[in-house]
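Visitor: Protein sequences appear in the order of chains A and B. Using our numbering, you'd call the opening residue of the first sequence number 1 and step up by one each time. Using our numbering, you'd call the opening residue of the second sequence number 1 and step up by one each time.
Keep in mind that a hint or two might mislead.
[To be verified] Dumping the calculated BS3-like pairs for lysine-lysine here, alpha-carbon to alpha-carbon at most 27 Å: (1) B:Lys233 - A:Lys45; (2) A:Lys233 - A:Lys281; (3) B:Lys233 - A:Lys9; (4) B:Lys148 - A:Lys96; (5) A:Lys43 - B:Lys148; (6) B:Lys229 - A:Lys43; (7) A:Lys92 - B:Lys17; (8) A:Lys45 - B:Lys230; (9) A:Lys91 - B:Lys74; (10) B:Lys74 - A:Lys43; (11) B:Lys74 - A:Lys45; (12) B:Lys6 - A:Lys92.
Don't read these hints as lab results, they were simulated from the structure.
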Amino acid sequence: MNIQISEVKEGSHTVVPSFSFEAGLTGLYTDIKRTQVIMDQMKDKSYLHCTNEGLSPRLTVEETFRYHRDLSGHQGPLQEMIALFGLQHVKKARVKDLSESHRNCLSFLRPFLYSNDVLLIEEPFDRLDEEGRQIMVQLINRLADEQKTILLLGYNLEELLFVTEDIYRIDQTGFHKMDFNEEPAAPAEQEQPVIRIEKVQTKHEGKTILFNPPEIDYVESVDGTAQVNVAGKGYNCTLTLQELEKQLRPYGFYRCHRSYIVNLQKVREIITWTKNSYSLKLNDRESSVIPLSRAKLAELKELLGVS
Amino acid sequence: MNVSVKRMRAIFIKDYKEFSRNYAISTMVLMPLFLAFFYQSAGASTLDIYFLPINMTFAAVTTFIQACLIAEEKENNTLRSLMMSPASMTDILIGKSALVFSITLAVVALTMIILGFTPANLLILISALMISTVFYIGLGIICGLFTKTVMEASVAILPVMVIFSLGPLGRGLAETYPVLEVLKWLPSAQLIMLEEYSAAGQTSDVGIALAVITVWTIITLAVASILFKKRMKDE
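Pulled out of the complex, with its shape left as it was, chain A reads as follows (with noise of 0.2 Å):
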């Protein structure tokens, strides 16, 4: 027995394509919209169990299983079926005295007694505590031994993986299996990260201070010294332009001027002074304005992506 999903358009965009399911436990990770419009489908060709469902608030929860019993020509013992649903404990409580997890596990009992062949179950483990969870898992997989074909809704993909691992993600172009095998090999095959701190090591009145590439606004060379400007203030280097420049290229700094490397993440305008005359204006908190060669225009925007 198949479950045939046809396509469904919304102008040109399509919101679920077609497809069909083997029978058996298949979940689908999909989005409320998906969800909805899957729904509307399947609507006559199977049992539809929503979480908005509700109890008759006065019966109590054993009543309500005799009721649901009853109403479906069930055969079997009660209280089996009650602890089942682990329900045991709160037997004799009105159903409008619940937990919320106790109440939606016990809503489950419609689906478990009514559904034919084919079930849709929208969210099966939403709002459900550790416990709950545990039982609907136990419930789902009966239903599923019992050769039904359930379809399973959700947008929590690990809520799904607890019952199956059949899980298909729906896009624009189609329903795609997603593979759960790769994910355990890739952590064996990565490496150990390498620890790797690179520090600017400037010198400011005697002290040595380091500091990290972001932090740099811009680097100039001053008096044949490479000055390193953090938050409008300058430290001296004692390395040079050329040094500083490979160093702090990795970290988005680009040598834009004989004498000036800037950090590239911290440029907010090119300002166009006359055809051959440029400058770079920075989001510091000087608004530091730095020379850009003319030669370097062209690289420069390129870095930045820019036109």
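Given chain A, work out where chain B should sit, using these hints.
Guide: Showing chain B alone in chain A's frame:
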């Protein structure tokens, strides 16, 4: 159509539990009894007065409770699961009406005892009352299907009460306003006339009155089941 006594009994028991625990609905059965006491101590003598509490029972108890039972299922979102269950429409309708049917008969009997009313022919009156009960149950189902909550249902029975319970009183004005002559074809008015005829021994007229009530009942039941079927498809 498969009819299962077990399913009907399950619905009956469930409805009884819900009914007895919902005081807003269950205390309604006391209303006609109070009315009967009131009329009895005020010195009821005419048939019109005897039948007022009885016709009131039909609207305020039969139709109201039936409408509430259906509307409550809708309010709690449980009607859909009832329709998804293997129970057939007959199961559901009979199961849902059985409770109201028995309550109505008990309340009407009590009312008649309180009023000290002795019918001319008990058998004929009982059958007329039973058919009427089915008619008002049908009305209740229609009201229940058109409303969404118990609150709406209690408003929806007001027209039923005005037309069917108080309608027969309008017959007195029929001499001044000939239009009101139509009121005599109401099932509640026919019920009173039936008792008049049977006291006078006019057997053929009794048969006509009984037939009129039956026709009303059949039409109402047909409408109720069509609406219910439509509702089942919508779900």
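Visitor: Has the given pair, Lys74 (chain B) with Lys45 (chain A), been kept, meaning a C-alpha gap of at most 27 Å?
Guide: This hinted pair holds, its Cα atoms lying about 23 Å apart.
Visitor: Would you check the hint for Lys6 (chain B) and Lys92 (chain A), treating anything up to 27 Å between C-alpha atoms as holding?
Guide: Measuring from Cα to Cα gives roughly 23 Å; hence the hint holds.
Visitor: If you draw a straight line from the CA of Lys233 (chain A) to the CA of Lys281 (chain A), is it 27 Å or shorter?
Guide: holds (17 Å)
Visitor: Check whether the Cα positions of Lys229 (chain B) and Lys43 (chain A) lie no farther apart than 27 Å.
Guide: Satisfied, since the Cα-Cα distance of roughly 17 Å is no more than 27 Å.
Visitor: Taken at face value, is the distance from the CA of Lys230 (chain B) to the CA of Lys45 (chain A) at most 27 Å?
Guide: Given that 27 Å is the threshold and the Cα spacing comes to 18 Å, the pair holds.
Visitor: Holds or violated: Lys148 (chain B) and Lys96 (chain A), Cα atoms, limit 27 Å.
Guide: Between Lys148 (chain B) and Lys96 (chain A) the Cα gap is close to 20 Å, so the pair holds against 27 Å.
Visitor: Sort out whether Lys17 (chain B) lies within 27 Å of Lys92 (chain A), counting only the CA atoms.
Guide: holds (14 Å)
Visitor: Would the hint linking Lys233 (chain B) and Lys45 (chain A) be met if the CA-CA limit is 27 Å?
Guide: Status holds; Cα separation ~13 Å.
Visitor: Do the alpha carbons of Lys91 (chain A) and Lys74 (chain B) lie within 27 Å of each other, as the hint requires?
Guide: holds (25 Å)
Visitor: Lys233 (chain B) and Lys9 (chain A) were given as a pair; does the straight-line alpha-carbon distance stay at or below 27 Å?
Guide: Distance ~25 Å between Lys233 (chain B) and Lys9 (chain A) Cα, so the pair holds.
Visitor: Would the pair Lys43 (chain A) and Lys148 (chain B) pass a check requiring their Cα atoms to be no farther apart than 27 Å?
Guide: The given pair, whose Cα atoms are some 22 Å apart, holds under the 27 Å limit.
Visitor: Is Lys74 (chain B) within 27 Å of Lys43 (chain A), Cα to Cα?
Guide: Given pair Lys74 (chain B), Lys43 (chain A) holds - Cα atoms ~19 Å apart, limit 27 Å.
Comparing the model with each earlier hint shows no violations; every hint is respected.
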